[in-house]
Amino acid sequence: MACVGQVEPRRSNIKRVKWKGEGKLVIGYFTNWAQYRKRDCKFEMRHVDANLFTHLIYGFAKIDPHDRANPKFELTPFEHNDLGPGGQYQQMNDLKRKFPHLRTLLAVGGWTFNDPPTAWIFTTMAESPENRGHFINH
26 MACVGQVEPR
36 RSNIKRVKWK
46 GEGKLVIGYF
56 TNWAQYRKRD
66 CKFEMRHVDA
76 NLFTHLIYGF
86 AKIDPHDRAN
96 PKFELTPFEH
106 NDLGPGGQYQ
116 QMNDLKRKFP
126 HLRTLLAVGG
136 WTFNDPPTAW
146 IFTTMAESPE
156 NRGHFINH
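Under our numbering, residues 26 to 163 are what the sequence shown spells out, in order.
Hints may be right or wrong, so weigh each one.
[Said to hold, decoys possible] For lysine-lysine, the following DSSO-like pairs were computed, each having C-alpha atoms within a straight-line distance of at most 30 Å: (1) LYS63 <-> LYS123; (2) LYS63 <-> LYS97; (3) LYS123 <-> LYS49; (4) LYS67 <-> LYS123; (5) LYS67 <-> LYS87.
It is worth saying that the hints were derived from the structure and are not from the lab.
Assemble the whole structure, with the sequences as input and the hints as a guide.
Listed below in structure tokens is the structure:
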């Protein structure tokens, strides 16, 4: 099975993205599971050419409620290698330092948060000012 698309992107000579039209956004979306693809389909943060984007979204982080009876809603990494020196989050932040024009965002949740046993987390977190506040501050 072949991988669709170009795995090793060509490096552009653009020093900064300059798109025609004020306010134009070019958004890239990096999924953490792309690192587990086989052979030529494997794609890691180091493959991202940040010159091509105004914004880059990393998917995903997750919310750890700790306990459904008394939830605490804390943001936690999704993958074992998201945190730490050389981790996926650090690699994305390194891109931000290298390409100051780049705006970075972290997607929280993902498709698996639509189904049990995690489907209740977003609804419960959003339903009260206290729960939202705890999530925002942690």
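Worksheet item: Of the hints stated earlier, which fail here?
Response: Checked against the structure, the only hint that fails is number 2, while the rest are satisfied.
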